[in-house]
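Novice: Once you've looked at the hints, dock chains E, G, S and Y with the ligands against the given chain X.
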Amino acid sequence: MATRQTASLARLMRAPAIILLLIWMIVPLGMTLYYSFLNYNLLNPASVSWAGWFNYQYFYTDPAFFDAIWNTLALVLGVLAITVIGGIAIALLIDKPIFGQGIVRILIISPFFVMPPVAALIWKNMIMHPSYGVFADIARAIGVQPVDWFAQYPLTSIIIIVAWQWLPFATLILLTALQSLDGEQMEAAEMDGAGAVSRFIHLTLPHMARAITVVVLIQTIFLLGIYAEILVTTNGGPGNASTNLTYLIYRAARLNFDIGGAAAGGIIAVILANIVAFFLMRAVGKNLD
Amino acid sequence: MGRITLEAVTKRFGDVEVIPPLNLDINDGEFVVFVGPSGCGKSTLLRLIAGLEDTSGGRILIDGKDATDTPPAKRGLAMVFQSYALYPHMSVRKNIAFPMRMAGVPQDEQDRRITAAAKALNLTDYLDRKPGQLSGGQRQRVAIGRAIVREPAAFLFDEPLSNLDAALRVGMRLEISELHNRLKTTMIYVTHDQVEAMTMADKIVVLRAGNIEQVGSPMELYRAPRNLFVAGFIGSPKMNLIDGAAAAEYGAHTIGIRPEHIAVSPDHGKWRGRVGVSEHLGSDTFFYVEDTGLADTITVRAGGNIDLHHGDTVWLTPDDAQMHRFDATGARVA
Amino acid sequence: MGRITLEAVTKRFGDVEVIPPLNLDINDGEFVVFVGPSGCGKSTLLRLIAGLEDTSGGRILIDGKDATDTPPAKRGLAMVFQSYALYPHMSVRKNIAFPMRMAGVPQDEQDRRITAAAKALNLTDYLDRKPGQLSGGQRQRVAIGRAIVREPAAFLFDEPLSNLDAALRVGMRLEISELHNRLKTTMIYVTHDQVEAMTMADKIVVLRAGNIEQVGSPMELYRAPRNLFVAGFIGSPKMNLIDGAAAAEYGAHTIGIRPEHIAVSPDHGKWRGRVGVSEHLGSDTFFYVEDTGLADTITVRAGGNIDLHHGDTVWLTPDDAQMHRFDATGARVA
Amino acid sequence: MARAVSTRTKVGYTIAAWIVALVIFFPILYTIITSLKTEQEAISGFNLIPSFTLSSFEAVQTQNNYWKPFTNSVILAVGSTILALIVAIPAAWAMAFSPTKHTKDILMWMLSTKMMPAVAVLVPIYLIFLRTGLMDTRIGLTVMLMLINLPIVVWMLYTYFREIPGEILEAARMDGATLKDEILYVLTPMAVPGIASTMLLNVILAWNEAFWTIQLTTTNAAPLSAFIASFSSPQGLFWAKLSAASVMAIAPILIMGWFSQKQLVRGLTFGAVK
Amino acid sequence: QDNVTLTIATVNNGDMIRMQQMTAPFTEANPNIQLEWVTLEENILRERVTTDIATSGGQYDVLTIGTYEVPIWAAQDWLTPLDDLPESYNVDDLVPAVRAALSVNDTLYAAPFYAESAMVMYRTDLAEAAGVTIPDNPTWTDITAAAKAMTDKENEVYGICLRGKPGWGENMAFLTAMANSYGARWFDMEWAPQFDSPEWQATLTDYLTLMNEYGPPGASSNGFNENLSLFQQGKCGMWIDATVAASFVTDPEDSTVADSVGFAQFPNKEGVDNHGNWLWAWNLAIPASSQKQDAAKTFVAWATSQEYTNMVAEAEGWRAAPPGTRTSLYENPEYQAEAPFAAMTLESINAADTQKSSVQDIPYTGGQFVAIPEFQGIGTAVGQTFSAALAGQMSAEDALAAAQSSTAREMARAGYPK
Ligand SMILES: Nc1ncnc2c1ncn2[C@@H]1O[C@H](COP(=O)(O)OP(=O)(O)OP(=O)(O)O)[C@@H](O)[C@H]1O
Ligand SMILES: Nc1ncnc2c1ncn2[C@@H]1O[C@H](COP(=O)(O)OP(=O)(O)OP(=O)(O)O)[C@@H](O)[C@H]1O
Ligand SMILES: [Mg+2]
Ligand SMILES: [Mg+2]
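Chains as they are written, first to last, in the working numbering: chain X, 1 to 289; chain E, 1001 to 1334; chain G, 2001 to 2334; chain S, 3001 to 3274; chain Y, 4001 to 4418.
Just so you know, the hints here were simulated from the structure itself, not pulled from any lab data. In this text, all values refer to a predicted model and were calculated from it rather than measured experimentally. Relax, there's no trap hidden among the hints.
Chain E side only, calculated, beta carbon under 10 Å to chain X, not exhaustive:
{"hint": "1", "residue": "M1079"}
{"hint": "2", "residue": "Y1084"}
{"hint": "3", "residue": "L1086"}
{"hint": "4", "residue": "P1088"}
{"hint": "5", "residue": "R1101"}
{"hint": "6", "residue": "M1102"}
{"hint": "7", "residue": "A1147"}
Computed cross-link-like contacts, DMTMM-like style, restricted to lysine to aspartate or glutamate with a CA-CA straight-line distance of at most 25 Å:
{"hint": "8", "chain 1": "E", "residue 1": "K1238", "chain 2": "E", "residue 2": "E1249"}
{"hint": "9", "chain 1": "E", "residue 1": "K1119", "chain 2": "G", "residue 2": "D2291"}
{"hint": "10", "chain 1": "G", "residue 1": "K2065", "chain 2": "G", "residue 2": "E2151"}
{"hint": "11", "chain 1": "S", "residue 1": "K3068", "chain 2": "Y", "residue 2": "E4036"}
{"hint": "12", "chain 1": "E", "residue 1": "K1184", "chain 2": "G", "residue 2": "D2296"}
{"hint": "13", "chain 1": "G", "residue 1": "K2119", "chain 2": "E", "residue 2": "D1296"}
Have a look at the derived ranges for each label pair, beta carbon to beta carbon:
{"hint": "14", "chain 1": "G", "residue 1": "A2008", "chain 2": "X", "residue 2": "Q5", "range": "21 to 27 Å"}
{"hint": "15", "chain 1": "Y", "residue 1": "P4252", "chain 2": "X", "residue 2": "P63", "range": "48 to 54 Å"}
{"hint": "16", "chain 1": "E", "residue 1": "A1008", "chain 2": "G", "residue 2": "S2162", "range": "39 to 45 Å"}
{"hint": "17", "chain 1": "Y", "residue 1": "A4401", "chain 2": "S", "residue 2": "E3058", "range": "50 to 56 Å"}
{"hint": "18", "chain 1": "X", "residue 1": "W70", "chain 2": "E", "residue 2": "D1108", "range": "47 to 53 Å"}
{"hint": "19", "chain 1": "E", "residue 1": "A1103", "chain 2": "X", "residue 2": "F200", "range": "17 to 23 Å"}
From the three backbone atoms N, C-alpha and C, an ideal C-beta is built for every residue, glycine too.
Just chain X, with the same shape it has in the complex (with noise of 0.2 Å):
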């Protein structure tokens, strides 16, 4: 496969997917470096200034950065701790002879097809509510005060939101590399005296990894983004309890309509993802050979 032809080839066939992902990163990217150096509100279209890097300065001295990138990291921490070990544990269940196997997982992997506003008002409306909410009916029936979750909980309400939309699809990644186990190793195993546990932690587990590393992956790209389950459930409050930086930035364009400052923070946070995306790559890179 190796000859000059196929090489020049090659180049041609690539060109195009990375030409407009090129077009697609450059010019959004380039106009929104442009904007993060101008005083530049929608509303007031006709008074724009160069701002110098006061956009970054005024988006950096927020009191509600820091708050926001520990809600990031809480948040797609949180949620790939739930889906991976979950996925785990339910790959592991629903990959042990059952009855109903097929309905089993069709009800399992269903949360992934939920558009995500829908799904945060479901769980808003419909479970989570203090009054009307399944689990507020649970907490009166067993005779306890409902808890007011995106009041008291709001951030960890939206993990728990979130993870269930994501959940299917780390169980689906995690059943497939679990499936490809090899039997054979299980029993050289088993003949090794290792029990369920050991075996599940010597062998299962680290025959995993690629597929925990490509799950960390994809989600993070996912989870870096979330704010539409944000904006209907608690609109990044009470205070900034639930404000992550794709919702900050979220508040300045849409709500401030601050486009200057939206794009400093814009910038911002393409370079922390950036770096995120770089340790994340390293690791994954390597486990993807």
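Specialist: Using the frame of chain X, we list chains E, G, S and Y with the ligands on its own:
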């Protein structure tokens, strides 16, 4: 220390009886090879002994104790798998140490045994590599190393060499034989390669569809196959089997004569034929002789220096003393 | 129709020169086998001929015409890959038809050739199956069928049998040889199995690190290996190579003697040793004799009926007429 | 480990698995149930047995014709998926079978473009869409969704293609196949499970995209995400209606997902297993 | 005349949706005009429409916008002045307070579809049972006392339900109105935020006390909808919110307490002559970027006309008529008969002065909001803070301090004082 007895062991998968009641005695220190065509139940039988499958009936005794319901880890047997079944994320050292770690063997004892096994198997330089960085033969040795350190009552091998290429296979075959000579531990070895069976076994068990066709030393099987199946299965190239008039002449339904027991001559002999493909191996030449009227082709082994070409007419003379005779049911006629 | 000439062909991957300038002539209708250890460049050479890799230098002539820059499809060669490389989503028929479809061969002509190929390769019953439903040997035959229908100037095979088990390999080996006898088309066959090389080739090319060590007929290579490398590579089991005093006695730095050219006796002979592992194949027995003081082990081939056991003392006598002598550089001493 | 599993164990696993499955599915189930309730039932406490009225669906339909956004959703999801495949298959082919030193870096870079927060670039994109007349057009949005998901598509295809032995493509080349033939007749059919699951995933992601599809459409190209946005916070708690609208928005993709579940699972390996 | 298609952006509330279904007479009368509806949830609508109008996108011909946007957008020349509406439209029939709120320099920029102020709705039965009376012009002391008296947590009856959900149009609408009635103001004449003032401190402390002691659980996520639902189910003794709610809580189809609802004006603090000045209207406006001005005007005039009101009344009864915009409606005896809340509603609306909402001097206009572009962001941020205080996550002092500093920051960034 490694006596294994199967008493009327049977195995069914669903409705299919893969192993009909089967009795077998394996003595301590013996090298027993199970051979047979694909799907005949060799692996199943081995896995029954290992405890990786439940028996559907009968008893398995290890050193006289009933082990039918003992879990695999407790039977004191070690198994080497066809796919090596190494733990890919552990180094060679960790792989070999794994069964000892599970058994709680103290660290220094572990180290001692690993060093010894690595030395015996020529793995000392690779102890810190991962299995992925090893060649097929080396991987197989690691798998054996992992078995050795457990100091098991018996080793079970399921086609351990079938993933290796021809040259390596010869080497590993020798290594396993040497290992057996040194350890004198019972070994049960599954293969469908009859060369392996012949060269390694103290005792060969020929299986067909879960039934034992013949049990005996390799030479017993070679010299006196009990039926057509064993005759055709043991020996390489295959024994020539001839029906019809030529067989009737010997008072049999079928006669069998091995390629090495036929003399070739360009001008005289008993049967006439035409040379088809011939294979010159240097030391030997195999002729596939066609149009003899006896069978499709008759395989003949001759010395390295015979000069016959495709299409030449040849004469073949079987060595009557080495002739095998079978009746219509396929059973050997004394 | 199938003359292939390599003129000073070289191949570099990055900085590594895998093939140093190499000249080779392959005549029309010849069955040429490339052998050599793993990584010596056999596949690379074959792929250069096929056009799947660019040469780094030199010219490749096919039937006298410079084909160095011709794309693979235009060279009129067909290739059979180690992994079969069948199209898994197409039926056998479609697989075989694919090259003709690409070439725009009319439908009825396609059908004719498919029928013929299927008949020749015993595939008629499987034409409508998918490759996944075939056994290894059948798949290999489909791959060959796909090559045949193109009526190529030459066939290229890259270790076509190495994924098959021993028994099948023997069968397919014969089939390919028969095919060559019938078609008389040039075939270039890569293997690292020297039995295949010996039995199939008209001409063997022994490669080491991209260099041609020797070119010749199998018997030439068997009888007169040009150097130690070829001597060690050709013949199974390997030639015994002996250095030191025993060699000096023959006026050589190293002597080589094949296992089949050593006589064994329990009580007299030239060299004394102790029997290590022995392999009884029925027809033959291989003894690995240790402690001779000549080399690690000396392999000896004896008849099927010799009765020696592990640890017995034996005497070995080489057949001086079959002795190979090499100088200090490893080259053959005439 | 082919030892017989006793029916008791199996029943145990079955119960556990069903409980987990039902808990996970419950929010969706409850939404479906609620959509079949009257508004009063919907807010009058926990109740799994609705009165099976379709009035909420009727109300939703009269308020906002469902079929137009539905058609748009289908067109956008399928269209962007097909476009993405057309661009991604050749790229993935090149990366898998003619890799260069930078292939991995390029892939990672592609994925990293997905990390750009969409809101930050909304205004530039909005302006571009306005100026080029792509605003509220299906074609504009299709391209947009294609670009958003292209990195994932390329990456998934790349991982599938890498598992296809290069020898088969070489065989095709020897057999006289041109590059087009090679991709069309050999590579693509062989990668069908992978391509299918890439398609499915992309359809799901495109279907559920709810930022750009709302921001860049008004009426002509508005898909179901916009449909939902018109129900999400009406005056009064019309949960039955909201549930009905939610069910209508997710049902098509849910049903597609259910039917193609096997494909999806089979393909979702991301080169991560084996 | 050419065929034109009008793209109309509307919010998804009941009145607007009803309008969509009642356009047949209009399209019959104007066969060359087709109507395309874009119905969106309020916040999304605002985002969408703002982006479009600010970039001169021209995606919409008619916009549904609030009283907040009208003066700001009109000042940017983004809206077409509605000074040439047909005679039959009868501009002078518009309720004066509403008309004022939609005019800049006496030019009307949007036609009101419906308007609302805020008032107290209470359960007459509970009040009676608890032995309290709520006067038509209650003070906050009256309200507190009544809330205390009516609260019966055992039976899930809470004395008072108020907005707690963060948002400039949610809790901040209420809190700004409440602050107004406490004599507070958002900014002084130098645009310095006033959360450190005693008036605001009193406002927030009293609000938190009311909610914590007599409010329903989870109040920090209750908005208009949630409270409506609570009230309809009989869980609230009082509810102070937009006047439109009156028609819902008295609707026997949806409300379990329809016949026992009383109304009172928005409370004030003793000695402060201010009833909050809450005034909100949903209006139809025409962006300057629309290419279809004439058709759009025709539609706007029709949709906000008296004729339309009558049509709705005919089809669905008078209670369903869009309230708050026309004096003539309130003079209509049929309406008065069917809508017991009519008088109080009109009184509340008329009492709202959006030009000077605080008793102190202020540099801004707007009733329960501050009509500057930055208010959405500021109001929401402050709303978050106050909501956090309600959820018990910070004290009132901290919340006020945080509001003060974040507002000061935003105002400085926006370049105030201008
Ligand atoms: N888990 C199983 N369920 C059902 N049938 C099985 C199972 N395992 C094996 N069999 C069947 O049992 C028979 C014996 O299988 P076994 O694997 O023991 O054969 P084998 O002799 O090892 O063959 P090979 O040489 O191909 O490895 C086969 O017909 C096989 O199809
Ligand atoms: N694409 C490549 N890039 C770099 N080096 C390569 C490439 N292909 C082959 N090589 C190197 O070229 C040498 C010859 O490889 P080749 O595959 O021809 O060996 P071979 O004789 O076919 O070996 P085997 O018997 O294992 O198939 C090896 O050292 C190999 O590592
Ligand atoms: Mg087997
Ligand atoms: Mg090779």
